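A.B. asks: Keeping the supplied structure of chain A fixed, place chain B upon it in accordance with the hints.
Residue-level listing of the chains:
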Amino acid sequence: MTPALELSGITKSFDGFMALSAVDFAVSYGEVHALLGENGAGKSSLMNVAAGLYAPDEGHIRIDGRPVAIRGPLDAKANSVGMVHQHFKLVRPFNALENILLSDPRGSYAGGLREIASEVARHCEALGFEVDVDKPVGTLSIAEQQRIEILKALVGGARILILDEPTAVLSDQESDRLLKTIRSIAAQGAAVVLVTHKLGEVIAHADRVTVMRGGKTVATADPRAVSVPDLTQMIVGSNVHEVPSPSQKIGEQLLTVTDLRGARADGHVALTGTTFTVRAGEIYGIAGVGGNGQSELAEILMGVRKPLSGRIDLAGVDDVSGEGPQERRARGLAFIPADRHTWGLAGALSIADNFAVAGVLSGKYGTPIRVDGAAIRAATRKAVEAFDVQGVRSPGQKAALLSGGNAQKLVIAREFSGSPRVVLAHSPSRGLDVRASAAVHERLRSARDAGAGVLLISEDLDEILLLADRVGVMNRGRIAAEFFSPVDRHAVGRALVHHG
Amino acid sequence: MASRADTGVSGPPPAPRQRGGFGRFNLEIRQHVSLLRQTVVLLAGLVIGLAATAIVLIAAGVGLGAIYDEFVVSIFSSSMSVSAVLVQAAPLLVVGLSAVVAFRVRFWNIGIEGQMIFGSIFATFIAIHDVGPESVRLPLMFVAAAIGGMLWIVVPALLKLRLGINEIISTLLLNYVAFNFLLYLLYGPWKDPKSAFPHSEQYEAFERLPLVGWENITWALPIALILAVAIWWLLNVSRFGFYARFVDANPKMAAAVGVPIVMLTLSSALLSGAISGVGGFVVSAGIEGRMTQSFFLGYTFSGILIAFLARSNALIAILVAVFVGVLFVAGQSLQVFYQIPGSMVQLIQAIIVISVAASEFFVRHRVHWVRGAG
Chain A
1 MTPALELSGI TKSFDGFMAL SAVDFAVSYG EVHALLGENG AGKSSLMNVA
51 AGLYAPDEGH IRIDGRPVAI RGPLDAKANS VGMVHQHFKL VRPFNALENI
101 LLSDPRGSYA GGLREIASEV ARHCEALGFE VDVDKPVGTL SIAEQQRIEI
151 LKALVGGARI LILDEPTAVL SDQESDRLLK TIRSIAAQGA AVVLVTHKLG
201 EVIAHADRVT VMRGGKTVAT ADPRAVSVPD LTQMIVGSNV HEVPSPSQKI
251 GEQLLTVTDL RGARADGHVA LTGTTFTVRA GEIYGIAGVG GNGQSELAEI
301 LMGVRKPLSG RIDLAGVDDV SGEGPQERRA RGLAFIPADR HTWGLAGALS
351 IADNFAVAGV LSGKYGTPIR VDGAAIRAAT RKAVEAFDVQ GVRSPGQKAA
401 LLSGGNAQKL VIAREFSGSP RVVLAHSPSR GLDVRASAAV HERLRSARDA
451 GAGVLLISED LDEILLLADR VGVMNRGRIA AEFFSPVDRH AVGRALVHHG
Chain B
1001 MASRADTGVS GPPPAPRQRG GFGRFNLEIR QHVSLLRQTV VLLAGLVIGL
1051 AATAIVLIAA GVGLGAIYDE FVVSIFSSSM SVSAVLVQAA PLLVVGLSAV
1101 VAFRVRFWNI GIEGQMIFGS IFATFIAIHD VGPESVRLPL MFVAAAIGGM
1151 LWIVVPALLK LRLGINEIIS TLLLNYVAFN FLLYLLYGPW KDPKSAFPHS
1201 EQYEAFERLP LVGWENITWA LPIALILAVA IWWLLNVSRF GFYARFVDAN
1251 PKMAAAVGVP IVMLTLSSAL LSGAISGVGG FVVSAGIEGR MTQSFFLGYT
1301 FSGILIAFLA RSNALIAILV AVFVGVLFVA GQSLQVFYQI PGSMVQLIQA
1351 IIVISVAASE FFVRHRVHWV RGAG
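Each protein sequence line maps, in turn, to chains A and B.
Once you know that position 244 of the first sequence is 244 in my numbering, the rest is easy, because the numbers rise by one and skip nothing.
Heads up: take any position in the second sequence, counting from 1, add 1000, and you land on my numbering.
Just chain A, same shape as in the assembly:
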C-alpha cells in the first residue's frame, strides 16, 4: 500500500547543529503512527518539515506516492497535511470559527463563518466533540483549544493529521478522551501521526511506532510486539526505570498553609481556602486537574502574588504571607516553577548569571561594588558538572539555548545551591523526557532524604504516586482529600474529578 505521507532522507541543520540527518518516515491511511523519542530527538523538527514550517536541507516528501514540494503551511494544507502544534497557533481574542476562517479563507466573512459553522458542527457530531465556538479561544480551556486546532485541520481538508505532543498539556481523563478521538479519526480513513514521549500512550493507542534518537530514526515497529524495556532502550539508548522509595524519617512541620484564599489577575477566586502541612523529610504531593488553583497556590507561595487571606508558616516562622520572595528564600524556600521560561530562567542572560543570581542575592560572589565574575564562572562550572547539565559549551552561553531538561537541571542546580529547607516543585518534569524526569525526581528525593520538606504540585498523577509520601487532592481551590502512602490510585482519581 502506498503510504499517505512519506519522508525520505530528510536532513535539516540549524546553524551547524544537525537536527535531522537522513531521516525516513512513512504513515499510511487508517493508522495511528506514533513518533517516539526524547526531547531534542528531532520529532517535532521532522513533523515541522512535513507541515511546511521548516525547509529541509536535503530529502524528499511524497504524498500518496507523488513527490511534492512543501514550501509553507499553505502548501502543506493544499496537500492535505494538517498539524496540531504543541504550542497552539490560535488568535486568542478570536472565537473558534474566526480562527478556522483565518486559516481557511472563504468568499465572504459572514458567509465563510456560516459555512465553517456547519462544517464544524458536522465534525463535532462525528467525533463527539463539545466546543464553544462563540467565546474567544483565549478564555477556553487548553483541551478545548486543542479540539479547535484539530477541527481547524479537519475543516481545512487534512487527511494526514500530525499531533505534536498533544497530551503533554492534558490531564489523565482529557488525554484518554483525546486518544480515543484520534483512534476514531484514523478509523475513518485518515493518517494520524502522534508525536509523544509517553510510552503508555504508544502501547495503548498506536498501530505502529517509529523511534527517533539524536536526529535519526532508530526503528519502526509494532508497539505490541515490543516490550516496554526494549522500547525504553531504543528511546534513550539505555534502560531507565524508576521505583518508589518512601521516606525514612519524617520530622517537624516546615510549611503550614492555613485557609489560604487567592485570586487570579482577572479577579476570579481560584484558591478558596487551602489548608495543608509539609513536614521535614517528606514529599507532599498535590494532585489535581489543571486549573483548580495550583498555579495560584504556587505563585502565592513563591511570594509573587498576594493572597486574599489566610496564613503561611514557613520553617518555624509564623505567617510569612506579607514577605517578598527574597525574605522567604532567605528562610530556606526554594522554587522549581512549572513554566521555567517565565519564572525560572532569564533566557537572554548567560548560564552563569542564571545560576549565580540566587547566590548574589544572598551576598555571595563579591561585594555590592564588584560582582566576582571569575568566582561565578568557577561555581557555575562545578554546578553544571554536579547536576549533569548537558550542552553547556561555556558558562557565558545564553540559558535560552539549553534544552528543556537541561534548563530544568540548571534551575534545580541554582535552587539547591543554598541547601533549602522547603522545596516547592510545580510540575517539575513537564515537557521532560524519561531520563531527564528521572534525574529531576532523584534530586527531589535526595533533598527530602537530607531533611527538607518537598511540596510537589503536579497534574501528572503518575509522578505524584511515584514520589509522594502523602497526597492531597486539589479540587476547586482547596485540598478536598488527603491520602497516605501507599496511595490507592483509584481513590485519588475519584477525588480528582469529584464535584461535591
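Hints in this document: simulated from the structure, not taken from any laboratory.
As the structure is a computational prediction, the values presented were derived from the model and not from experiment.
Glycine included, every Cβ here is placed at the ideal spot set by N, Cα and C.
It is possible that some hints are incorrect.
Ranges between beta-carbon positions, derived for each pair [unchecked claim]:
(1) B:V1072 - A:A374: 38 to 46 Å
(2) B:L1036 - A:T275: 58 to 66 Å
(3) B:V1072 - A:G396: 34 to 42 Å
(4) A:G396 - B:S1079: 23 to 31 Å
(5) B:V1237 - A:E482: 47 to 55 Å
(6) B:V1237 - A:H341: 54 to 62 Å
Below, simulated BS3-like cross-link-like pairs (lysine-lysine); rule was C-alpha separation at most 25 Å, straight line [unchecked claim]:
(7) A:K135 - A:K89
(8) B:K1194 - B:K1252
(9) A:K216 - A:K198
(10) A:K198 - A:K180
(11) A:K398 - B:K1160
(12) A:K398 - A:K364
(13) B:K1252 - A:K364
(14) A:K180 - A:K89
(15) B:K1160 - A:K306
(16) B:K1252 - A:K306
(17) A:K77 - A:K89
(18) A:K364 - A:K382
C.D. replies: Just chain B now, with coordinates in the frame of chain A:
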C-alpha cells in the same frame, strides 16, 4: 461512528500543487555570535548608512569631494574642529548615559528634555540668587541640577510603579510642562535684566565650567567621561547592574528569585533623571553660559539614539557620542557652506540609525539558500 463522508477526513486525494525545483532563502537564528561578527556586521550597516547619506547629499547638490572634505578632512585636520566635535559630544554623552541607565531596566524615559530643563532651572536658581560662596558655586549648581532632573522624573516613576501608567506618555508630556514653565521664567521673573531678552542673565565666570586648557574644551567633557566610566561600572561590574540585567531580561523571573525590582526601577529612573539634569547644567554652564529657551532641543532623540547605537553600554556610548558630534558639526558646516536645510542633518541621523538597527537582524540571524526539497 459516523460515515466517512461525514467527517471529511477521507475521500479522493486532491491533486498536489507542483512547482519547479527552485530553492528559497532559509532564515535561522544564530546560536552563537562572535564579537568579530557583531563588529563587522555593525560596521557594514554603518557603511551602508553613510553611503545612503552620501546619495542624499549628492542629490541635494553637494559634491562627493565636498562631503569627504566636510566629514573627514576638515573635521580631523584641525584641532579647532576636533574640539568643536568634542564640545558637542560632551552633553550628547551625558544624555546618552541618562537613556542607557533608564533603558537597562526597561524604563523608557522620553522626558530627557524636561529633566534637562529642570536641571538647568535649579542650577540657574543657584546662580542668580548667589547661593553659597563663590568657590563652591559650581559644585552647588551641579548638585542642584541633578536634584532638579531627578525631581522631574519622580512622578512618572511612581505612576509607573504604583499604578502601572506608561512612562513613555508621562515623561513625554512632562516635557511640555517643563518647557512652558521655562518660558514663563524666561519671559517673566528671570528675564535678562541687562538686555531684556528672554533668556536668563549671564552666569558669572565662576558659575561657568572652566576651560581645561586645550582649545575651547571645558570641564563638561571630563565630567561626561567620568560619568560614563561610573555608569559603566555601575551597570557592568556592580551588583546593581547584575540585578538590572535580570529586570531587563525577565522581570517575572527576577521577581521570583527575589531581585528587588521596584527599588532597581525607581533608583534607575531617578538616576536617569539626575543625569539628564546634569546634562542641562552641562549645556547651560558649559556651552551657553546662561539658560536659554532652546538649549535642550533635540537631546531626547539624541540620547535615545546614542543609547540604542551603543547597545546600552556606557563605554561604547562615548564613541557613539563623538560620532554623533561629528555628524552634528559636519551637518552645521554643510548647512552654512552648501545651503543644505537643517532638517537634512536630522535626515542623515535617521538614515544611519535605521541602517545600524537593521544590521541587528543580520547579527542574530543566518540567511542561507537551500535548493527546494521534493
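A.B. asks: If you check each hint against the structure, which ones fail?
C.D. replies: Checked against the structure, the hints that fail are numbers 4, 6, 8 and 11, while the rest are satisfied.
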